[in-house]
Amino acid sequence: MPSHPLITFASDFGTREYYVGAVKGAILSVNPEVRIVDTSHEIPSHDLLTAAFVLAGYYDTFPLRTIHLAVVDPEVGSNRRALVVQTSRHIFLAPDNGLLSLIFEREEVSRVIAVEADHHYRKPVSPTFHGRDIFAPVAGWISKGLDISAFGPEITDYKKLTLPGAKPVGEGVLEGFVLHIDKFGNIVTSFSETSIAQLGGLQEGSSFNLNDREITRQVGCYAEGGDGELLFLLGSSGYYEIASNKKAASRILDARRGMKVALRLIANR
Amino acid sequence: MPSHPLITFASDFGTREYYVGAVKGAILSVNPEVRIVDTSHEIPSHDLLTAAFVLAGYYDTFPLRTIHLAVVDPEVGSNRRALVVQTSRHIFLAPDNGLLSLIFEREEVSRVIAVEADHHYRKPVSPTFHGRDIFAPVAGWISKGLDISAFGPEITDYKKLTLPGAKPVGEGVLEGFVLHIDKFGNIVTSFSETSIAQLGGLQEGSSFNLNDREITRQVGCYAEGGDGELLFLLGSSGYYEIASNKKAASRILDARRGMKVALRLIANR
Amino acid sequence: MPSHPLITFASDFGTREYYVGAVKGAILSVNPEVRIVDTSHEIPSHDLLTAAFVLAGYYDTFPLRTIHLAVVDPEVGSNRRALVVQTSRHIFLAPDNGLLSLIFEREEVSRVIAVEADHHYRKPVSPTFHGRDIFAPVAGWISKGLDISAFGPEITDYKKLTLPGAKPVGEGVLEGFVLHIDKFGNIVTSFSETSIAQLGGLQEGSSFNLNDREITRQVGCYAEGGDGELLFLLGSSGYYEIASNKKAASRILDARRGMKVALRLIANR
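Protein sequence lines, in the order shown, are assigned to chains A, B and C.
Residues 344 to 612 in our numbering are what the first sequence lists, from first letter to last.
Residues 344 to 612 in our numbering are what the second sequence lists, from first letter to last.
Residues 344 to 612 in our numbering are what the third sequence lists, from first letter to last.
By construction, these hints were calculated from the structure, which means they are not laboratory data.
Backbone N, C-alpha and C fix where the C-beta goes; we use that ideal spot for every residue, glycine too.
Do not take every clue at face value.
[What the hints assert, rightly or not] DEER-style ranges, computed between Cβ atoms:
id, chain 1, residue 1, chain 2, residue 2, range
1, A, G513, C, E448, 55 to 63 Å
2, C, E448, A, G515, 31 to 39 Å
3, B, K503, C, G569, 23 to 31 Å
Chain A extracted, bound-state conformation (with noise of 0.2 Å):
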């Protein structure tokens, strides 16, 4: 264990806004000794399904018992709940919004608590910034040992987006979505390395297709492709992307979040 505990911190929150300073002020006026690390705050505004994808991205690289804080909240205010989640290795804070869906399907849960002990808030409390005023001072209390049942009951019917990874359409066909395209315009995809595992993993000759667009080169990393070339490869978050060698592969195929892709598992004969 480090002898200063440790709160990740993502949002949708910006970095020209007040946000993010006012949320680690009030974690560390509750406790002044936690180390509060950046990971992610310019996730766009809203997009609880970019800050699903990448809190799975990093969550697991951390010490066990790190403590996660996710805050991407657009019905704060609402009578939308605020989570603490335990797992078996970690802690997380979200709201109960999907936002932890993949936490959800990869770990093992040991209790979802529904923050309620309004003693323990920042007061008084903007019924738009629940960044600051509950989950940062949550946080702290966390960080200094409080027990999670300290802060509300233990509910079983949080909220789950249903992503739908890896639909089979037809002989050998199955149908998926892009979930990601990250800085570089690689496309990430919904197909993960364990659902295409399952169906018998991919194949010589297997390609996807995107806006019309066969992609039939598979390599291992980007710097093996031509100039311009599209590959599909696995990344390192465990789904397959479509990418192009220091080139922007979302660029060249026109794609955006939510289109579908295809992977033709067997060759197209």
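Starting from the known structure of chain A, arrange chains B and C on it as the hints suggest.
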């Protein structure tokens, strides 16, 4: 008091330059034990009003005696002074250009020092980067416990921006302006809760007017609004905002920072 | 020496991805006591020259023995090597792609190690994310005191970009190029103070030429310039800049990185 002192750091230096790293290194070279907390580095270039607003939005959430460094410094290298401001609760470092205006309004100021003690500077001092060569080492020395009187004489003629908050322009009608547009497209007006409360507060039927559009619906939180509906509400910064549920109100209204906003306190019959 | 070791971290990973968080987690999993200092994560994708310039702009401000991690890695997963570079003052980790070129120019290099000791890697190693799976754990182990010889053999044939700084092209005329355009629109040229000093230094009447515009006014700081006036001055990075007071000189001159810049040392009579 935290075992390691805290320095918050905001600037318009951006997240693709060496400037932020250089300031941090110069602080840590003076006091390797200090903890630097990034708040916001994508403040628009030279934008003192945004910097003042952003700093005002977070400083108060931090533990007592936190050191707050904010560098937006269009006159760097000229004869504008560098300030250290001690208030009853915090310490602030910034150029003497109005950036601390809201701090001077809100905090009980004990001392304002004009930094002159160049034996504490990083050498040689670049005339274009006092953030690195003057503010950073001074912040470092303060975090080590050096009394701020060591840095120069006390002054009283520091610069304050005069921000017209709410000017009466007719029977029950106030004129203000757009103070800030945030990442979500929320339009923060210059009408603060305090100033409006002094005038009797908002009433049933109060409305805002911006760009010839009347905004009549008051809500507690964004999520109460219908799709594309324009709303007003009290924002987490203590100012009234014009907003829309999951939409950018700034785009709907074609709003720009500095535009006039009218507030009609009593219903228009 | 600080009680907790420092690792600075720059990358082109952006602030809306999981990449930055994943690297930090992988470092902290090896050494939970280390302090990671974000410097710049919005370096343009794959842009080695900007990465080299940014790193060169801050490393020197940090305490001795700081570990500097910089990951811009277009050839990730190919046979390009991963480097650990020990100089008399600092330690650097980066891909062997030229990113460290300015470090090799400026620092007294003691040892350059090609990382090969895969028992220190995070497993499984993704061929597309060595930042997380190789650089991060190696940085973590170095911060725990492991000697860098543990990671692989010493090499001497590491990659250096050759940056043409100042080429004489006529009587008292030098040709350079636009090295960097910063967030403020300041145009950093490849003419360094040192290189120009060796040629006798700037004189009364020296002038720059970019995009067929002659810039004749030398100032000490931006604020000396009139509205829209083009200026040149010695920037805080040690290179001469073309700038304008509170305006983006890059926009006035339609300047792009890589463009030719001429410097006429002696007045044009």
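Going down the list of hints, with the structure as the test:
1. G513(A) to E448(C): 55 to 63 Å: Taking Cβ atoms as reference, G513(A) and E448(C) lie about 59 Å apart, which means the hint holds.
2. E448(C) to G515(A): 31 to 39 Å: Distance hint for E448(C), G515(A) is violated at roughly 55 Å.
3. K503(B) to G569(C): 23 to 31 Å: 26 Å, holds
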